[in-house]
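Visitor: Residue numbers (this note's numbering), protein chains in the order written: chain P, 431 to 731; chain G, 431 to 731.
Keep in mind the hints are simulated off the structure, nothing from the lab.
Do not take every clue at face value.
Cβ pair distances, simulated, as ranges [stated by the list, open to error]:
1. Gly690/G - Gln458/P: 47 to 57 angstroms
2. Lys530/P - Ala475/G: 33 to 43 angstroms
3. Gly598/G - Leu725/P: 52 to 62 angstroms
4. Glu692/P - Val679/G: 56 to 66 angstroms
5. Ala562/G - Val663/P: 42 to 52 angstroms
6. Lys477/P - Ala696/G: 21 to 31 angstroms
7. Gly596/G - Asp563/P: 25 to 35 angstroms
8. Glu664/P - Lys477/G: 31 to 41 angstroms
9. Ile600/P - Arg560/G: 35 to 45 angstroms
10. Ala457/P - Ile689/G: 30 to 40 angstroms
11. His536/P - Gly538/G: 47 to 57 angstroms
12. Ile535/P - Glu446/G: 32 to 42 angstroms
13. Val679/G - Gln458/P: 51 to 61 angstroms
On the chain P side, residues computed to face chain G include the following (Cβ under 10 angstroms) [as the list claims (entries may be wrong)]:
14. Leu574
15. Ile582
16. Thr704
17. Val706
The model shown is predicted, which means the values in this text are computed figures rather than measured ones.
Ideal placement from N, C-alpha and C gives every residue a C-beta, glycine not left out.
Here is how the chains run, residue by residue.
2 protein chains.
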Amino acid sequence: MASDPNTRDPFEPAEEIEAHLESWAAAQRLPTNLTSAIRYSFLGAGKRLRPLLAWRCAEAVGASGRAGLDAGLAVELVHSFSLVHDDLPAMDNDDLRRGKPTLHIHAGEAMAVLAGDAMLALAFASIVERTADASLAVALGRELAIGTSSMIAGQVYDTLGGLPEGLGAIDRVKLIHDNKTGALITASCRMGAMLGLASIARPWQGARELGAITRFADAMGLMFQVVDDLIDVEQTSEHTGKRTSKDQVAGKQTYPGAIGVEQSKAEVGHLLATAVEALTPLGSPADPLRVLARLLSVRTK
Amino acid sequence: MASDPNTRDPFEPAEEIEAHLESWAAAQRLPTNLTSAIRYSFLGAGKRLRPLLAWRCAEAVGASGRAGLDAGLAVELVHSFSLVHDDLPAMDNDDLRRGKPTLHIHAGEAMAVLAGDAMLALAFASIVERTADASLAVALGRELAIGTSSMIAGQVYDTLGGLPEGLGAIDRVKLIHDNKTGALITASCRMGAMLGLASIARPWQGARELGAITRFADAMGLMFQVVDDLIDVEQTSEHTGKRTSKDQVAGKQTYPGAIGVEQSKAEVGHLLATAVEALTPLGSPADPLRVLARLLSVRTK
């Protein structure tokens, strides 16, 4: 841990990640209107947090970040599908996303349903098509499947109920966040680390590094969503490029709603410490993850 | 080919198939309301054509039909997801399916979107979780991905356009049908045959049997949809348990619309002959597939 973590820009791979997503999109052979809809919602916008995590987690286990590019692609497709479907009139009914009209506003509701479906199917397709080692492909597919079905379960909990009985307010909101947001962030990190380990001919199952990455990701994923809850309370739509103050309007379960703004901020601090602490065994290759976690803990959009 | 094909009931595995789907559903750990929605749309109804084809194709290559059960499960999950999403108000806006209210009528539109998403994700999950051999799992995942993304492309062509320019009426409708219906039927057949071949320790890639099954499936899948077009023109909702005469109302491209009812019936005959002919190299183990193809060519619902 010789280098100063603060000298590394964790977003430096952003351009290469975007080029990777773009090159995937250009290779798709689909109806032209479907391709346009996928490109509209998938390319040229978004924080690319999940691909960035996959890249940085591949790096953190000692590989090139590029080894994690395909993990980022698959997870970002799932993330993008979920945004398109969550924005639908029957769901959150959002008309603004990433600073532009949502897909169902731009291309109609039927296309938004189908383009979402297509991105979900193509996420799994990308894994089986692009992973040379079959055992690794199966393991990645399993991670993606767990992340995706947990995310959908979380969206059900969040918007339609179905939570186990007898949970207190904070346990309910933690269960929702862990599923809705955390599971796919953990999948990004683990898949990136697994591809990284495989690329340097290291065992990727049960590796000590993978345990550290998983602990980091679990804390980071929850922290990310608590920060999101705080942004919804404290920021404006103009600043964030998406509707804010909507959680309270929709009666959603949030950390500020369950434990208040100040305690939620303290929880962000705890989760950041847990995430950073988990990275200790990985040494300096994990520096960009440390910087990223810190930046995400103070983001305002 | 000693046995008389007509003495075998091709639907005999129906009960075992239903039990297999039921046992999969019982093992899912999801929000209770999501599980209910999936069970409502997935269990206890439907022809189970695709699982039946997977079973019979496993048998046709010399294995036990049971070897194809997991192929049937995965493909039926995809089929079921597609019905739920296609029925949505923004899509075909159907309120009747398999003789009961569609899922969005029964459980609301948001749940229908999410339950469909979940079934799609769980279809891929089922492959990676249930296939012991990693290379086979990857090959099955690839078949499922091609079948699913082609089906979605077909739905786009059918309802939103985007067809390549310069195609005549019959080529347009064939392209739609091959994608929307044929691709997933071919996936069922190929996946069943691949699982069958693997279960008897036969190579499942490039096998002569797999070639025969693919030719059978391609003809059968198109035939199935042409028969569907004819049912929509000639039958009543009371008889079929779903809305009829809707293709013409919606201005959809159909075989009867492109070449008339009589020529469509002749085409069913041609496709049946092609399908049955393709099975010749497989001998008597393919008898149930022959019977099934004949029955499907004359079905009226």
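Visitor: Could you run down the list of hints and mark each one as holding or not?
Guide: Do the hints match the structure? See the list:
| no. | hint | verdict |
| --- | --- | --- |
| 1 | Gly690/G - Gln458/P: 47 to 57 angstroms | violated, 36 angstroms |
| 2 | Lys530/P - Ala475/G: 33 to 43 angstroms | holds, 41 angstroms |
| 3 | Gly598/G - Leu725/P: 52 to 62 angstroms | holds, 57 angstroms |
| 4 | Glu692/P - Val679/G: 56 to 66 angstroms | holds, 59 angstroms |
| 5 | Ala562/G - Val663/P: 42 to 52 angstroms | holds, 49 angstroms |
| 6 | Lys477/P - Ala696/G: 21 to 31 angstroms | violated, 57 angstroms |
| 7 | Gly596/G - Asp563/P: 25 to 35 angstroms | violated, 42 angstroms |
| 8 | Glu664/P - Lys477/G: 31 to 41 angstroms | violated, 54 angstroms |
| 9 | Ile600/P - Arg560/G: 35 to 45 angstroms | holds, 36 angstroms |
| 10 | Ala457/P - Ile689/G: 30 to 40 angstroms | holds, 35 angstroms |
| 11 | His536/P - Gly538/G: 47 to 57 angstroms | violated, 25 angstroms |
| 12 | Ile535/P - Glu446/G: 32 to 42 angstroms | violated, 47 angstroms |
| 13 | Val679/G - Gln458/P: 51 to 61 angstroms | violated, 32 angstroms |
| 14 | Leu574 | holds, 8 angstroms |
| 15 | Ile582 | holds, 5 angstroms |
| 16 | Thr704 | violated, 26 angstroms |
| 17 | Val706 | violated, 32 angstroms |
In the structure shown, a violation is registered for the earlier hints numbered 1, 6, 7, 8, 11, 12, 13, 16, 17, in ascending order.
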